[in-house]
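Now for the letters of each chain:
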Amino acid sequence: MNSDSKFLDQAPRFLFFTGKGGVGKTSIACASAMQLADAGRRVLLVSTDPASNVGQVFGIAIGNQITAIPAVPCLAALEIDPQAAAQAYRDRIVGPVRGVLPDSIVKGIEEQLSGACTTEIAAFDEFTALLTDSALTTGYDHIVFDTAPTGHTIRLLQLPGAWSGFLEQGKGDASCLGPLAGLEKQRSQYKAAVEALADPQRSRLILVARAQQSTLREVARTHEELNAIGLSQQFLAINGILPESATLQDPLANAIYQREQHALSDMPAALKNLPMDRIELKPFNLVGLTALRQLLSTAAPLAMPDNDVMPAIPAPNLSTLVDEIAADGHGLVMLMGKGGVGKTTLAAALAVELARRGLPVHLTTSDPASNLTDTLNGALPDLTVSKIDPHAETERYRQHVLATKGAKLDEAGRAMLEEDLRSPCTEEIAVFQAFSRIIREAGKKFVVMDTAPTGHTLLLLDSTGAYHREVSRQMGDSKQHFTTPMMQLQDPRQTKVLIVTLAETTPVLEAAHLQDDLRRAGIEPWAWVINNSVAATTVLSPLLRQRAVNELPEIDAVANRYAQRYALVPLLREEPTGVERLLALADGDSLADKLAANPKTQ
Amino acid sequence: MTSIHVFDPALCCSTGVCGVEVDQQLVGFAADVDWAKQNGADIERFNLAQTPLAFAENAVVKAFLERSGADALPLILVDGEVALAGRYPNRTELARWAAISVAEEQAPSGCCSGSSCC
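If you read the sequences in order, they're chains F and V. Numbering (UniProt numbering) for the first sequence: 1 to 602. Numbering (UniProt numbering) for the second sequence: 1 to 118.
These are calculated hints, taken from the structure and not from any lab test. This one's a predicted model, so the numbers in the text were calculated from it and none came from an experiment. Cβ coordinates follow ideal geometry from the N, Cα and C atoms, glycine included. Take these hints with a grain of salt, some might be off.
[As the list claims (entries may be wrong)] Sample of chain V residues at the chain F side, in silico, Cβ under 8 angstroms: (1) Ala10; (2) Ala30; (3) Ala31; (4) Asn58; (5) Val60; (6) Lys62; (7) Phe64; (8) Glu66; (9) Ala70; (10) Ala72.
[Said to hold, decoys possible] Derived EDC-like pairs: lysine to aspartate or glutamate, alpha-carbon spacing no greater than 20 angstroms straight-line: (11) F:Lys445 with F:Asp328; (12) F:Lys408 with V:Asp79; (13) F:Lys107 with V:Asp71; (14) F:Lys107 with V:Glu66; (15) V:Lys37 with F:Asp410; (16) V:Lys62 with F:Glu110; (17) V:Lys62 with F:Asp103; (18) F:Lys107 with V:Glu57; (19) F:Lys408 with V:Glu93; (20) F:Lys272 with F:Glu225; (21) V:Lys37 with F:Glu411.
[Said to hold, decoys possible] Which chain F residues stay away from chain V? Per the calculated CB distances, all over 10 angstroms, these: (22) Ser52; (23) Asn254; (24) Pro283.
Build out the structure end to end from the sequences listed, making use of the hints.
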């Protein structure tokens, strides 16, 4: 069929939309499914978005079963909740022994099954049946997924070694496939599912991104990783681009426009050869059939122009958080959140603001590409800056393990160990090992970090005792009293965890999951920071005003439901590099005033 | 034939790479189990995180867990009786239990075959 969108042109049977939370995968998947259905194709839409509003969009309750959408002939939908799938899986394994084995042991088992891998694989298991020929799907021409499995999962399933023991007999060496132990399907089904994914005649992968440098870099990595394992049919969709027409008379909108255009012209070479669609930011909420039908059309009507000014909403700024942090005189400050929410920038802003007050600060960052922190070294007398390259640390760790522990393995065993070492956990552990060397400084000064391990990883490390031993070893076997990093992280007087998010539905939900995960490990996040808020600025452009209005319920949820305390950081016209701009970032209110009062300083 | 049942602690990966330190014992033991199986031994491994029911249904293992806790694993049963606890067996022990003739496998317990570089 023909379409405005390249990614829907001659669409194959399976369409997968992938990208990080908040880029609009689910909306685009909904709009695509509708467009195909409107053209007379029979379509099944599958959403795994934990914040799924597919039901709300179509005005019908959907849930975990295929449900016809009355308002759109030929369209049916299914919602899979990955968290629920993982919970059901845990219950299958743990349920029979609850009350039989000691409680502490049952709890330990549950934690082992609470990682991201379990959720990922449980979700994949849920839609395996949809990828293989089954009675469920014969009635559909297209099946549209608002997600795609990660490279790690697909590679694991492709490894012949992975199947040798566990999945065929339900026992043996399980590796990272361990979570599949409780899954009930046959090897042939998983194999067929992976084959369907890698078949360009049947599957198309649409990478969804925003016009932001960091997001595009991340998407380029996903593209290369999935391409390397055979998912060669890839398209790129850039969502939410600010149209030039929206920039009139609004300096902020103009700055965003310039920044986005620059990110697009400067996008990684690997992406430039992909067929690309640009989807403009729409001045309306993507709820209801009319709105969705307009999402993919190039000529959407703009909302009526009016010249009201929407003033910045009043909210605590970063500087008020710094007041409280500074009062302690020293301590560890960790910023946590999904990639792309601005952890590095905010870590730098906090560090600079603390140093400006004459407090000794060590800022350490895991973003090696950040030239933000380059410019800070030596910029303030009380500030030191260091960097940890996660890829280099992980690679070093992998090589070390393979050379020492993997030396005597046969080929299949070595392949499994290598893939285990590509799991997200490995990177987290390698980076945290590097960081833990610096953590000890926090007894005397401030240490600000732009990353932190998840609660799940901390619990696993702590429960195995391996961490404790590691620390004892590093402390030189002294019989002195010492605290483990876990104890240090749990103590609010020593450690403050700040959760960073954006004022959008999915990112706020993801941040809430992070908070739950930390609480399981006995760590109570000290504050939330909402970054890049349009509502915290003074906006003229109708498009941006709409975005600001959309942010309000999310800000409200953070302020009143999730966070003990929070700060709102405005979207800036330019990347805050250098001390001056970072200081201005902490002091959000006055910055917004300054921008409003004097727009021509740009 | 003698059956060897290995009850592992809760591991997310049987290679143990998820830990701070990869446990050399686990990696080595995985290789030893492979070797013993190829020589005809009847060995099964149970991971506490994946098949807890196997622990709960075996009276010996259940009692061991109640008495000593999960930290005391691994536990190795040979024909249903405790043969070893708290550490993994080496290749020689596996061979003895499974009655594998070690003569054809020279110096199985040395870490570098033939040399004395260790």
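We went through each hint and held it up to the structure:
At its closest, the beta carbon of V:Ala10 sits 5 angstroms from a beta carbon of chain F; the interface hint therefore holds under the 8 angstroms criterion. Hint status for V:Ala30: holds, given a least beta-carbon distance of 6 angstroms to chain F, under 8 angstroms. A cut of 8 angstroms between beta carbons decides the hint on V:Ala31: the least distance to chain F is about 6 angstroms, and the hint holds. Interface hint at V:Asn58: violated, since its Cβ lies 11 angstroms from the closest Cβ of chain F, which is beyond the 8 angstroms cut-off.
Of the supplied interface hints, the one on V:Val60 is violated, with its beta-carbon coming no nearer than about 14 angstroms to a beta-carbon of chain F, more than 8 angstroms. With a least beta-carbon distance of about 7 angstroms to chain F, the hint placing V:Lys62 at the interface is held under the 8 angstroms criterion. For V:Phe64, the interface hint is violated, since its Cβ never comes within 8 angstroms of a Cβ in chain F; the closest pair sits about 11 angstroms apart. With a least beta-carbon distance of about 6 angstroms to chain F, the hint placing V:Glu66 at the interface is held under the 8 angstroms criterion.
Hint status for V:Ala70: holds, given a least beta-carbon distance of 5 angstroms to chain F, under 8 angstroms. Interface hint at V:Ala72: violated, since its Cβ lies 11 angstroms from the closest Cβ of chain F, which is beyond the 8 angstroms cut-off. For a cut-off of 20 angstroms, the pair hint linking F:Lys445 to F:Asp328 stands: about 10 angstroms separates their Cα positions. For a cut-off of 20 angstroms, the pair hint linking F:Lys408 to V:Asp79 is broken: about 29 angstroms separates their Cα positions.
Of the supplied pair hints, the one linking F:Lys107 and V:Asp71 holds, its CA atoms being roughly 13 angstroms apart against a limit of 20 angstroms. Among the hinted pairs, F:Lys107 with V:Glu66 is consistent with the structure: their alpha-carbon atoms are about 14 angstroms apart, no more than 20 angstroms. With a C-alpha separation of about 14 angstroms, the suggested pairing of V:Lys37 with F:Asp410 holds against the 20 angstroms cut-off. Restraint check: the Cα-Cα separation between V:Lys62 and F:Glu110 comes to about 18 angstroms, which is no more than 20 angstroms; the hinted pair holds.
At most 20 angstroms may separate the alpha-carbon atoms for a hinted pair to count; V:Lys62 and F:Asp103 meet this at roughly 13 angstroms. Annotation: proposed proximity of F:Lys107 to V:Glu57 holds, straight-line Cα distance about 18 angstroms (limit 20 angstroms). In summary, the hint linking F:Lys408 to V:Glu93 is supported, as the alpha carbons are separated by about 19 angstroms, within the 20 angstroms threshold. Restraint check: the Cα-Cα separation between F:Lys272 and F:Glu225 comes to about 16 angstroms, which is no more than 20 angstroms; the hinted pair holds.
Between V:Lys37 and F:Glu411 the alpha-carbon distance is near 17 angstroms, which keeps this suggested pair within the 20 angstroms criterion. The non-interface label for F:Ser52 is consistent with chain V: the shortest C-beta to C-beta separation is roughly 28 angstroms, beyond 10 angstroms. Against the 10 angstroms criterion, F:Asn254 stays outside the reach of chain V, whose nearest CB is about 48 angstroms from its own CB. For F:Pro283, the requirement that its beta carbon stay farther than 10 angstroms from each beta carbon of chain V is met, with the minimum near 47 angstroms.
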